[in-house]
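Trainee: Sequence:
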Amino acid sequence: MVSRAELSSLETAIRELSDRITAAADELLGTKEEAAALDLYEVERNLKTAQRRISKAASGLPVEQGKRL
1 MVSRAELSSL
11 ETAIRELSDR
21 ITAAADELLG
31 TKEEAAALDL
41 YEVERNLKTA
51 QRRISKAASG
61 LPVEQGKRL
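Numbering-wise, the sequence shown is residues 1 to 69 according to our numbering.
Rather than coming from a laboratory, the hints here were simulated on the basis of the structure. The reader is advised that the hints may include incorrect statements.
[Claimed, not checked] Here are the simulated distance ranges between beta carbons:
hint	residue 1	residue 2	range
1	Ala50	Gly30	24 to 30 Å
2	Val63	Ala13	16 to 22 Å
3	Arg53	Ala23	19 to 25 Å
4	Gly30	Val63	41 to 47 Å
5	Val2	Glu33	37 to 43 Å
By construction, the Cβ of each residue, glycine as well, lies at the ideal position given by its N, Cα and C atoms.
Please put together the full structure from these sequences, using the hints given.
Mentor: Written as structure tokens, this is what we have:
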């Protein structure tokens, strides 16, 4: 069964990936590859949505005894 801790780990991984994608997009902004930057910002927005949905899903799971999040 999926635990809150596992979902929290996934949420962290998505946050870190989102940060890396934003940094890449920021580097491309204002260059001839700006269209790629705009695509990357769209990916970043979708990852933020995924992060929020995972957090919501995790909040619906029971906390494992002896562990806190």
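Trainee: Taking the hints in turn, state whether each one holds.
Mentor: Going down the list of hints, with the structure as the test:
1. The hinted window of 24 to 30 Å between Ala50 and Gly30 holds, with their beta carbons roughly 28 Å apart.
2. Look at Val63 against Ala13: about 21 Å separates their beta carbons, and that is inside 16 to 22 Å.
3. Against the hinted window of 19 to 25 Å, the Cβ-Cβ separation of Arg53 and Ala23 comes to about 23 Å, which satisfies the hint.
4. The hinted window of 41 to 47 Å between Gly30 and Val63 holds, with their beta carbons roughly 46 Å apart.
5. At about 38 Å, the beta-carbon gap between Val2 and Glu33 stays in the expected band of 37 to 43 Å.
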